[in-house]
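Asker: Heads up: the sequence lines are chains S and Z, in that order. Following our numbering, the residues of the first sequence are numbered contiguously, the last one being 211. Following our numbering, the residues of the second sequence are numbered contiguously, the last one being 211.
Any given hint could be a false lead.
Remember, identical chains collapse to one label, so a pair may be satisfied in a single copy or spanning two.
As the list claims (entries may be wrong) - Listed next, the in silico SDA-like pairs over lysine to any residue satisfying Cα-Cα at most 20 angstroms (straight line):
no., residue 1, residue 2
1, LYS146, LYS170
2, LYS94, GLY202
3, LYS79, GLU127
4, LYS79, ASP180
5, LYS182, LYS196
6, LYS153, LYS206
7, LYS146, ILE168
8, LYS79, PRO154
9, LYS79, GLY123
10, LYS79, PHE160
11, LYS79, ILE122
12, LYS196, SER185
13, LYS153, ILE143
14, LYS170, ASP207
15, LYS203, GLU191
16, LYS153, ILE122
17, LYS196, ASN97
18, LYS206, ASP95
19, LYS146, LYS206
20, LYS170, VAL198
21, LYS176, ARG156
22, LYS79, ARG132
Note that these hints are calculated values from the structure, not bench results.
Number of protein chains: 2
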Amino acid sequence: MIKTPFVAVDGIIKIFDKDENFKGIVLIERKNPPYGLALPGGFVDIGETTEEALIREMKEETDLDVIITKLHGVYSKPDRDPRFHTVSIVYICKAYGEPKGKDDAKKASIYKLEEIPFEKLVFDHGKILKDFLER
Amino acid sequence: MIKTPFVAVDGIIKIFDKDENFKGIVLIERKNPPYGLALPGGFVDIGETTEEALIREMKEETDLDVIITKLHGVYSKPDRDPRFHTVSIVYICKAYGEPKGKDDAKKASIYKLEEIPFEKLVFDHGKILKDFLER
Numbered sequence: 077m078i079k080t081p082f083v084a085v086d087g088i089i090k091i092f093d094k095d096e097n098f099k100g101i102v103l104i105e106r107k108n109p110p111y112g113l114a115l116p117g118g119f120v121d122i123g124e125t126t127e128e129a130l131i132r133e134m135k136e137e138t139d140l141d142v143i144i145t146k147l148h149g150v151y152s153k154p155d156r157d158p159r160f161h162t163v164s165i166v167y168i169c170k171a172y173g174e175p176k177g178k179d180d181a182k183k184a185s186i187y188k189l190e191e192i193p194f195e196k197l198v199f200d201h202g203k204i205l206k207d208f209l210e211r
Numbered sequence: 077m078i079k080t081p082f083v084a085v086d087g088i089i090k091i092f093d094k095d096e097n098f099k100g101i102v103l104i105e106r107k108n109p110p111y112g113l114a115l116p117g118g119f120v121d122i123g124e125t126t127e128e129a130l131i132r133e134m135k136e137e138t139d140l141d142v143i144i145t146k147l148h149g150v151y152s153k154p155d156r157d158p159r160f161h162t163v164s165i166v167y168i169c170k171a172y173g174e175p176k177g178k179d180d181a182k183k184a185s186i187y188k189l190e191e192i193p194f195e196k197l198v199f200d201h202g203k204i205l206k207d208f209l210e211r
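If we strip away everything but chain S, and leave its shape as in the complex, we get:
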């Protein structure tokens, strides 16, 4: 029987206002363990593409309708999720308006790129965002 890690998607959502001014990215406060701040994301369902999963999860957790702009990377270290081995496929996407925390997210807020609280980020989301800032 085939056994592989779980597959998840995470989104780096770039927020713009209606005049196309960049406002920052979205982080959520997690309702479930591990507690802390995280990129919005979740598991891919059987029967949906990773892009569909990303759009669904961003809507569920932040109420935003995102447009995917780029594949950022794949993060797969076995210990990146303290619960079990999860491979995360990370996309960069774009959205307009204010995020609202829903579902697994107690809160969803916009953070300026210069004010990301790295010490509060769970999983390897600090590493993902450092890679994003460097490119």
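Model the placement of chain Z on the given structure of chain S, informed by the hints.
Answerer: Chain Z in isolation, oriented as in the chain S frame:
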């Protein structure tokens, strides 16, 4: 209980000779269904990164020691694998020498980019290689 698609890796192996001349890419003839030509690849094991899985699978199927140069893309259409839903993470990599078909590969051969037999490729490997040629 969490259920997600399986995670696999596939490699576009660029072969160079000892004078760094590009010779083509590697395709394998599959030993198991679906029968046909394919990129070398396989499932990610729990406890290994996708990069480790790629290096292991390339060695198992082609006997080549590859160096990963780039993430090519993520392919996740539910019907891309006729057996079940598999998300494939595709890397571009580099290797020297002659491939030898092993394990799941009945044969492993070098194909010039201008001579890829698209009609014989299984899964969505034709699409993956068309994306590769276009970029």
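Asker: Taking each numbered hint in turn, which are not upheld by the structure, reported in ascending numerical order?
Answerer: Hints 2, 17, 18, 20, 21 contradicted; others consistent.
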